[in-house]
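These protein sequences, in sequence, are chains A and B.
Using the working numbering, read the first sequence as starting at 237 and increasing by one per residue.
Using the working numbering, read the second sequence as starting at 237 and increasing by one per residue.
Errors might be hidden in some of the hints.
Identical copies look the same in the list; a pair holds intra-copy or inter-copy alike.
Stated by the list, open to error - Using 25 Å as the maximum straight-line C-alpha spacing, the simulated SDA-like pairs for lysine to any residue come out as follows: (1) 433 to 395; (2) 471 to 590; (3) 279 to 501; (4) 539 to 474; (5) 487 to 260; (6) 471 to 339.
No lab work stands behind these hints, which were simulated from the structure alone.
There are 2 protein chains.
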Amino acid sequence: MRPVAVVGIGKTAFGAFADRDLRSLAVEAGQKCMADANVSPSKVEAFYLGNFAGPSFVGQNHLAPYIAGAMGITGVPCTRFEAACASSGSAFFHAVSAVGAGLYDVVLVGGVEKMTSQPTPKVTEILAGAGDMLGEGRAGATFPALFAMIARRHMYQYGTTREQMAAVAVKNHANGAKNPQAHMRKVITIEQALAGKPIAEPLTVFDCSLISDGAAAVLIAPLERAAEFTNKAAKILGIAQTSDQVALDQKDDITTFRAVQSAGEKAYKMAGVSPNDIQFAEVHDCFTIAEIIATEDLGFVKKGEGGPYAQQGCTALNGPRPVNTSGGLKAKGHPVGATGVGQICDVVVQIRGDAGERQIPRHSIGLAQNLGGSGATAVVTILGAA
Amino acid sequence: MRPVAVVGIGKTAFGAFADRDLRSLAVEAGQKCMADANVSPSKVEAFYLGNFAGPSFVGQNHLAPYIAGAMGITGVPCTRFEAACASSGSAFFHAVSAVGAGLYDVVLVGGVEKMTSQPTPKVTEILAGAGDMLGEGRAGATFPALFAMIARRHMYQYGTTREQMAAVAVKNHANGAKNPQAHMRKVITIEQALAGKPIAEPLTVFDCSLISDGAAAVLIAPLERAAEFTNKAAKILGIAQTSDQVALDQKDDITTFRAVQSAGEKAYKMAGVSPNDIQFAEVHDCFTIAEIIATEDLGFVKKGEGGPYAQQGCTALNGPRPVNTSGGLKAKGHPVGATGVGQICDVVVQIRGDAGERQIPRHSIGLAQNLGGSGATAVVTILGAA
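Using the sequences and the hints, build the whole thing.
Now the structure itself:
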């Protein structure tokens, strides 16, 4: 595979935007991205779109040509990818694979979700479709319930505490407060996090990510052509997508995500680096326990040590390995289909040194980890300064 | 790109199966396909799934790992592709591109839809999501209405008649009657077709494809490895996916599908053949007018001559260029997400000489054309005996 680079990025703010429709969000992100890379729509050779549930949230399907057409992109392959909360991570993986294999040179990858036009119980029901509806769904186990079970088991098996999970929330809220594009820019204390409204014991509202609207886009190209588009290219060092069973009861261990482990191993191998080389990461904190597990599954710490690692401040903005400097899904927001590509944008912003108030000092190699459902899809990407 | 072959095929019957869920259909097709290629799930390096609207029809999303896991396929990329009625055509295009580019060797491609568990008005509403819901959908223009407008304009511009459209229905019903896996196995007369219940003037119920449940799968591999799996491989000579605007009012001419034209041109070029070389085809007859337009856009006849071409029997089973020997979407059935891969299976069955009562004499090079919505996505594949 030839080396591939991210040569343009573009995001909308994440939030609840009553006056915006899905397409306008996706088009805004795509156009910002093309402007960032100084590229016209006619140069785009393929459009890869991640979207989880546009048809269920807003009734619109066939989204890739629908959005591409509005940006003036026609006559090329425009395709929607769905892999639950890893939808745009998956779109990005396939796009990078295609450019790496020489199928295309200039590819636009987008992700979008418009969630807030539905009432929360309906949103929860739609999200449950990322799990096993014939088993988990029929039993009423929505995602907060599934991750509550995961958290309980992690607490039982490794001594993880509610305080450690709350520490993740406090950190991500602090980071989100510094991110102008974050959905929630509110600093919280550990006491507030612990006293949050219960959602599914032991998870409080502060352990759960947000229901958001938003879109993100990146432009990728062969590294050798990157200079045509930008002097701030980021190189894709390693990338992998893998899968696991959807239903929790089909997994041998619910305190670990096998797909994250295997995608991580493949991405590290492709990049020729080890977990220790990763300076910072955007991980999929759909729930605070998921961030703790991610730091373990990605090899940042040993199994069971993710809780103390977070609590000790190791993943804070000023810690040795900052995690979710964007605020994460917890505070930046989680417009499901936009999250994977949004994470890539957030890693690239750090690599470029453009993260403003939340810029970290060591930012030459970062990782993004995007999770689908309760772990049936994982995409891990390692990016570095080009 | 290295040559790629279809080395295994598997389909469920298409029909209305009240006792079958979506996953069991997809698993049946996948397992039949792997058995056909004598391959175990552990050899599958990636799973590409086409599905249009599982979440809307049955509430289940995240379908690729959900189905793959049930077949024992985990730890590899499992991805769902959505491109309206071209969803599995798109999955197939991306899979062939990936194998052709050397990313994988052994890839399973599936397509599935479970439609009949919803009442017909709800099905029509879900299908409308493949069009522009903010424009066409808001105006109440469901797909029969959109294709009725297309038919009207084609009649006005080229003198196409209701009798010519009815001839397509009669032919496809005759072919479907010979296909043991077809949803509708009922021979009809031209009088019956013309006297059908009106759906959207000038289209009667006999001009419209069926609402079906069903699944299809193919296994692909590099041509050089085909003999490991089968002595009946079919070679992919050319393939392309392209896109156009979704909304009819954004197109300069609604009597032609630009995406079909451009995908056809690209596929012919890749295969090094001309339309005249195509001996038979499976085309996307979601409505009879769509088959007429397909024969024009693919260059089988000049623009405007598709109606007479059908009426003269040129596309009949015993005609010079049989079209939809399977019965087409009209009689075989149209489980939306299964249709694209189903067409590939149907072309391969002819190439293998395994089509039984509907086997045609000249079957060494065939074409499949899969259409999304009212033409915003098109996938064209040309297959030949290996």
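Against the structure, the hints:
1. 433 to 395: within (23 Å within a copy, 68 Å between copies)
2. 471 to 590: within (16 Å within a copy, 50 Å between copies)
3. 279 to 501: between (34 Å within a copy, 20 Å between copies)
4. 539 to 474: within (23 Å within a copy, 49 Å between copies)
5. 487 to 260: So residue 487 and residue 260 pass the 25 Å test across copies only (20 Å; inside, 39 Å).
6. 471 to 339: For residue 471 and residue 339, both the intra-copy (18 Å) and inter-copy (19 Å) Cα distances are at most 25 Å.
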